[in-house]
Every structure is written in structure tokens, then in C-alpha cells.
Amino acid sequence: MKPIKIAVASGKGGTGKTMVATSLAASIQSQTPVQFLDCDVEAPNAHLFLKPEIYQTDAAVIRVPVIDHHACTACGICVQGCEFNALAKLKGKIIVFPQLCHGCGSCTRLCPEGAIHEEPREIGTLSIGVTDTGMKYFGGKLTISEPMPTPIIRQLKHKVEYEADSLSILDSPPGASCPVVATVHDADFVLLVTEPTPFGLHDLKQMLGVLSQTGSPGGVIINRDGIGDDRIEDYLKGTPYSILMRIPFQRNIAVGLAQGELLTDWLPEYKHQFQELFRIIMQVIKGEMISL
Amino acid sequence: MLIMISSQDKTLDSEPSLRFGRAPYFILYDIDHETWKAFENQAVYQRGGAGVAAAQFLSDKQVDAALSGRFGPNAHQSLSAAGIKMLTFDSQYDSIHAVVDAFKAGDLSEVPGS
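For the protein sequence lines, the chains are Z and V, in the order given. Heads up, the first sequence is in numbering that gives the first Met the number 0, so the first residue is 0 and it goes up one at a time. Heads up, the second sequence is in numbering that gives the first Met the number 0, so the first residue is 0 and it goes up one at a time.
Source of the hints: derived by calculation from the structure; they are not laboratory data. Be aware that a few hints might be false.
25 angstroms max Cα-Cα, derived SDA-like pairs, lysine to any residue [claimed, not checked]:
hint: 1; chain 1: Z; residue 1: 90; chain 2: V; residue 2: 97
hint: 2; chain 1: Z; residue 1: 90; chain 2: V; residue 2: 56
hint: 3; chain 1: Z; residue 1: 92; chain 2: V; residue 2: 111
hint: 4; chain 1: Z; residue 1: 92; chain 2: V; residue 2: 45
hint: 5; chain 1: Z; residue 1: 92; chain 2: V; residue 2: 0
Just so you have them, the derived chain Z footprint on chain V, three or more residues with Cβ under 8 angstroms [as the list claims (entries may be wrong)]:
hint: 6; region: 39-49
hint: 7; region: 54-62
hint: 8; region: 68-77
hint: 9; region: 80-94
From the structure, some residues in chain Z lie toward chain V, with a derived Cβ separation under 10 angstroms [to be verified]:
hint: 10; residue: 78
hint: 11; residue: 81
hint: 12; residue: 82
hint: 13; residue: 98
hint: 14; residue: 99
hint: 15; residue: 142
hint: 16; residue: 146
Quantities reported herein were computed from a predicted structural model and do not represent experimental measurements. All C-beta atoms, glycine included, are put in the ideal place defined by N, C-alpha and C.
Modelling step: build the complete structure from the supplied sequences, incorporating the hints.
In C-alpha cells, the structure reads:
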């Protein structure tokens with residue numbers, strides 16, 4: 000069977016993505032070995048719950064242009080070719096803004112004088128580790144003050160060996176922009192964690208918009224169930240997506256999470272719920288259920 | 000001397016824009032000839048690096064000074080490299096006219112490093 004990727008995303012931040020992703024991974028690890036990818040590289044925190052032992056850390060780099068000012072004629076072709084305004088021609092000199100560069104390489108190829116070469120610039124790290132239950136962990140981390148998480152997410156996903164039958168769980172960043180798309184675009188299933196509030200629904204709609212573009216099947220988990228109102232249920236009635244699980248708004252859950260405990264260790268009754276959730280997801284992926 | 004003022008609209012009566020890179024318009028004012036011209040700021044439509052793109056525009060127009068509410072780090076670096084002075088104003092000025100008068104009177108503060 001081909002490798003399977005399940006992504007956990009939300010739109011709104013702080014809805015419980017990492018709680019769900021780590022609980023799901025820990026619940027099924029005994030049946031199916033899991034690879035866990037923390038793609039929330041701007042604020043990675045899955046390691047706080049999984050506590051992996053890191054055995055390899057590599058630099059995440061992008062390749063940025065360096066101008067040879069002797070060879071450069073300041074024709075400005077590179078400036079016009081740059082989609083991201085990472086180059087400017089000021090006072091007859093080409094200036095590079097490395098933090099705006101996406102590392103696409105257009106300027107290097109466009110330069111008629113061969114005056115541009117690329118040098119790696121470190122923007123973060125990629126870590127590989129293993130938990131005490133044998134779960135493989137891959138975590139990316141963007142260096143503070145660096146603006147671009149997406150290249151790290153791509154490189155992190157490249158690090159993983161997706162063998163036949165392998166199962167990967169990806170903890171997505173919040174939002175619905177490039178870093179999220181880079182995480183979920185090739186997922187076989189996307190779990191959307193939301194909360195029954197106006198903000199939760201607003202951002203859930205954005206994520207459903209992303210899924211309509213990527214074509215991945217998905218389902219919704221309502222966290223902090225009991226606060227707010229029924230707006231999520233009402234909205235989902237008009238969509239092909241259904242609610243797969245509800246996690247109540249309970250002080251005791253927060254007490255465990257605040258101590259770095261996995262939900263499924265703190266309240267073991269959830270383990271069965273996550274195993275059941277996984278069974279349903281696998282049915283959808285295998286095509287045994289067309290729609291939820 | 001040419002100065003460029005970030006503006007919300009395209010006349011001298013327009014409200015000045017406190018943002019540089021993503022100001023809707025720029026008013027180019029020629030102090031020596033008391034003439035002016037408005038430009039739509041194309042950098043507004045950029046996904047990133049609006050400050051650099053706007054500075055590139057000012058540099059191409061051979062402007063001597065940029066007047067805005069504040070300058071972001073990329074705009075600051077670009078304008079410095081282009082040798083363009085940066086001066087800031089606050090919300091007390093309700094028109095481009097008022098900002099030009101304040102500039103002439105020497106009432107605007109110059110950004111260090113420009």
C-alpha cells in the first residue's frame with residue numbers, strides 16, 4: 000500500500016491541532032508505526048508532548064544571490080525578474096535583500112553577465128528523533144526574526160522516508176496561507192480542528208476553501224465543545240464535511256496539557272476515541288466510505 | 000529639489016499616508032518650481048517587499064527626500080543606499096500641503112542614518 004499522510008490543520012490558531020495530532024499518533028502507534036512531522040515551524044510544540052530524543056539536527060537553508068560587482072553592469076534585469084522585491088538597483092548598484100529572497104534562482108539564470116552566484120543562508124533547523132515508544136519524529140524550526148517558514152516545511156517533508164505502508168501525521172501551522180498549503184497539499188486526509196466560535200468558523204471556512212483546491216478529503220473535530228453555539232454544525236450541513244469527534248471544554252484537559260502530558264496518557268479513555276477516529280479516516284482513504 | 004510624500008489620495012488636499020511602502024499614492028513635489036504630480040503606488044500590490052519596491056520607484060524618479068509617517072526596515076535600508084533623505088511627520092498634518100509647508104519650515108524630523 001502507498002504511504003499515507005494525515006494532516007491536522009485548523010485555520011484559527013490555538014484550537015488544539017497539536018493536542019489532536021499527538022493524541023492520534025500516540026493512540027495508533029502500538030498498531031501502526033507512525034512518523035510524526037511538526038510542520039508548525041514558527042512555533043513547534045509537539046516535542047513537548049512526544050518528548051523525542053533528537054539524534055540528528057541539520058541546517059535548513061535557502062540559496063540567496065550574491066552579486067559580483069566587478070562583473071555586474073547594473074542592467075537591472077535581475078531586479079525586474081524578481082517576484083519578491085529581494086533585489087533593487089539603487090545608485091547604479093544592485094542590492095540584495097536576503098530576507099525577502101525565496102531562493103527561486105530566477106536572478107541567477109536571468110543575469111546576462113553571469114555576475115550572480117548563490118550561497119546558502121541558514122534560516123532554521125531540521126531535527127530527527129525517536130520517542131520512547133519508537134515513534135519517529137521530524138521537527139522543523141524557523142530561526143527567530145526569519146520571515147519565511149515555507150522552505151523549511153518543504154525541506155522537512157523531503158527528509159522523511161515515505162516507505163510503502165508508512166503512516167505520517169503532520170501537525171500543520173495555523174492559518175490558511177502558504178505554510179499551511181505546503182503542509183496539507185499532498186495529504187490523503189486533512190483533519191480540521193476548530194472551536195464553536197465566530198472566529199473558529201471563519202477560519203474553518205478558509206481551510207475548507209483550501210481543501211476544495213487541493214482535493215484532499217477531510218473531516219472536522221470540534222474542540223472546547225460546549226462553549227459558543229451551533230454555528231459549526233449549521234454551516235457544515237451545507238458541505239460534504241462532517242464532525243468526526245468532539246472534545247469538551249474541560250478544565251481537567253487543560254491541566255494535563257499544561258504539564259506536557261499527552262491527552263491520551265492523562266485521560267486514557269480518549270485513546271479508544273482516537274483509534275476509532277483513525278479507523279474512520281482509513282476507511283475514507285481506502286475508498287470504503289465515499290463521503291462522511 | 001524633489002520630495003516625495005506618501006498620500007492617501009492624489010491631490011495636495013489629500014490626507015498624508017503614515018505608511019510608506021503601502022501608501023496608496025505618492026505626491027512628487029518640486030520645491031524649486033512649486034510644481035507637483037501624483038503617482039499611484041504600484042508597490043501596494045506587491046505580496047512582499049513593498050518598502051523596497053517603493054524605494055526603487057523614488058530612486059528611479061531621482062527624488063532627494065522621502066516624507067512619510069514611518070519607514071520599515073527594508074525601505075530604510077533601500078532609501079539609505081539610494082542616498083534619499085527620510086523625514087517623518089505625524090497625524091497632526093491634515094493635508095499634503097501642510098506637510099510641504101512643514102518641510103519648508105524645517106519642522107519635520109530627519110530619520111537617523113538617512
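Verification of the hints:
no.: 1; hint: 90/Z - 97/V; result: violated (30 angstroms)
no.: 2; hint: 90/Z - 56/V; result: holds (12 angstroms)
no.: 3; hint: 92/Z - 111/V; result: holds (22 angstroms)
no.: 4; hint: 92/Z - 45/V; result: holds (22 angstroms)
no.: 5; hint: 92/Z - 0/V; result: holds (23 angstroms)
no.: 6; hint: 39-49; result: holds (count 6)
no.: 7; hint: 54-62; result: holds (count 3)
no.: 8; hint: 68-77; result: holds (count 3)
no.: 9; hint: 80-94; result: holds (count 3)
no.: 10; hint: 78; result: holds (7 angstroms)
no.: 11; hint: 81; result: holds (8 angstroms)
no.: 12; hint: 82; result: holds (8 angstroms)
no.: 13; hint: 98; result: holds (8 angstroms)
no.: 14; hint: 99; result: holds (4 angstroms)
no.: 15; hint: 142; result: violated (17 angstroms)
no.: 16; hint: 146; result: holds (8 angstroms)
Of the numbered hints given earlier, the model fails hints 1 and 15; all others are met.
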